[in-house]
Amino acid sequence: MIKKLSIAIFILIAAVPVLLGLGYALMYSLGLTGILSEGFTTTHWEETLITTTFWKSLGFSLYIALVVMLISLFFSLWIVISWIKQLNKGSLSYITYLPLAFPAIVMAFFSFQLLSKSGFMSRVVYKMGWIDSLEQFPDWTNDEFGISIIFSLCLLITPFFIILYSNLYQNERIAELKALAITLGAKPSQVIFKVIVPILLKKSAFTIMLFVIFIMGTYEIPLLLGRQNPSMLSVFIVQKLQKFNLADIPQAYAIAVIYILLIASIIALVYKTRPTFFNSSSSS
Amino acid sequence: MKKIIILITILALAACKSDSKNEQLDLKNASWQQIETEALGKTVNMMMWAGDPKINDYMKNYVAPAVKEKYDIDLEISSGQGNTIVQLLMTEMQAGKDGNVDMMWINGETFYQLRQINGLHGPFVDQLPNSQFVDLDNPFIGKDFQEPIEGMEAPWGNVQMTLIYDSEKTDQLPQSREELLAFAKANPNKFTFDNQFTGLTFMKALLIDIAGGEQALAGDFNEKKYGKYSKALWAYLRELKPYLWKKGETFPEDVAQMHQLFASGELLMTMSNNDAEVDNKINEGLFPESARAYVPEFGTIQNSHYLGIAKNAVDKAAAMAVINFMISPEAQLKKQNPEVWGDGTVLDLDKLPGDFKTKFQNIPARKYAPKRSEIQKNALQELAPEYMIRLAEDFRKEIING
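Chains A and B are the protein sequences, given in the same order.
Residue numbers for the first sequence follow full-length UniProt numbering, so the first one is 1 and each next one is one higher.
Residue numbers for the second sequence follow full-length UniProt numbering, so the first one is 1 and each next one is one higher.
It should be emphasised that the hints constitute simulated quantities derived from the structure, not laboratory data.
Any given hint might turn out to be false.
[Claimed, not checked] With a cut-off of at most 25 Å between alpha-carbon atoms, the simulated BS3-like pairs for lysine-lysine come out as follows:
id : chain 1 : residue 1 : chain 2 : residue 2
1  : A       : K56       : B       : K169
2  : B       : K169      : A       : K127
3  : A       : K272      : B       : K241
4  : A       : K56       : B       : K397
[As the list claims (entries may be wrong)] Selected chain B positions facing chain A (in silico; Cβ < 8 Å):
id : residue
5  : E109
6  : I117
7  : G265
8  : E398
9  : I400
The beta-carbon is built from N, C-alpha and C at its ideal position, and this holds for glycine as well.
Hey, can you work out the whole structure from these sequences and the hints?
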């Protein structure tokens, strides 16, 4: 009875609102609801699917997510493998986990102050005489490669993976496996690349996928540090949702539904072809 | 399991239940005395842009205590503007629920959107005793984005857009489109405009200038004129684009970011829809004391901001009482003081009772902003709202994505 009650409460709190929201967005995008709705239409879906802006935005979001994941994974693995003992105590753990205390918008402002042409880095470089004017400092904010977006997101996400990997390091008894590999004659590089990294990556594969999806949907950081073209998906959707033209709202919902369906399809495909991917205990 | 489903259903229904309170008074036919009586002791929820500490201070420490003392009204202020208000009302109206917001600070495009969704209560302005002092014959006040307000929103303040510069860095101020282009060419990466309301207001002034002056685009939206003159505007902006901040490949997301870029020296100019803002920002310490504001000769938009009452507001009478106080001579006098806010009044000084006219004339002058009388000659009226919608869309297509 308690189990059933827990399931019902979980469905009520977690699943029902999401499904209702998705249903509402779908109806809105098809003109079936909304104060200005004029009846069923597929126009908003057609407009979204044929416009290059949507696909550019999707591609840019994926690019940012993949680059951020690569960098975050590299640094988190490096830090965990190099300093696993120090991570569990002392000032290193404090410094490493400090960025977790930053809300995204604060991190965005911090990066802007640090990396813009008139920011801290620019002034330091100018004072050192490496550039003749602040203008010469490279474009690292609102730039075409999303450098400051990537920088901010890496600062926010790397600590999560450091925590994850330091826990996995203990739970998977990596230290013992490492000792065993060395006893069997493995070189230090082989221990890292053939033993430790594959285990940690395999164990965290599903989390990595979820984080890619999470990064693709971030809003505050790309809003302040990104460009209007291409913009990340959330910025693009809010642009349609909250600008001056109320007739654009259904298109914003259409973009949101298409994005959700794309992500859900990818997850479903992975689930169907590699069900063990979702089960970290049997994937090693 | 059945019991659980029933429990969930009951909970869901309870959550959906409206907490509506029926309006007892027929407001449209009520006397002001009846409205004031009805307003006593109520709570009024006001939604407004809360991005300026001086404005917040005026509302929190002057208006709220005043209406508490006068009517025992608790004025609760929440942050939100423009589309947030529209979206909230749309959702509430669709759900058939009473409003969480009674009154809101709106202007032009929001007024247009709220009229589109029939989200405003009114007409109510004529019922407010202090509306007799409002300068409704002034087209900058009586019309909002070319649309007569028809009593559906009460004028609250009047401002004009200015360009803000640092007098120690810039002495040759561009006065025409040609001079602006030359200025940008001479100072690459040092000029831009934002991607929001202020930037669009700036583009509207350029469009009016291209069209041949204020009267050229007056009245309802004209597709033919828009097509003709917007082409010239995009051609002009394309010429300007390579010299803009970040080569015009991106634009600051809002005016706050522009102010920051100006303060840090990355931009030579910023903009404001409030002609007194340069004083505010210097007093706050954000801008250097050498910052000044001006209006170029091609003109800038002057517009008013307004107070509206939501159609689904719970306490409309109390909202009317609050609005009546906010357009009173004493509240407007306080608001126009640059030390307080510096917002232009919407009152006709010749209609004011007692010595209020003298008091308004003796408000301490703004130290850094130009005098209102000096910039009035270059004031342009707002265009019909469709111009803004089209400019926002086409700016994205022609300049940002172009």
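Results of checking the hints against the structure:
no., hint, in the structure
1, A:K56 - B:K169, "40 Å, violated"
2, B:K169 - A:K127, "21 Å, holds"
3, A:K272 - B:K241, "50 Å, violated"
4, A:K56 - B:K397, "14 Å, holds"
5, E109, "5 Å, holds"
6, I117, "5 Å, holds"
7, G265, "6 Å, holds"
8, E398, "12 Å, violated"
9, I400, "5 Å, holds"
When the structure is compared with the earlier hints, violations turn up for hints 1, 3 and 8 and for no others.
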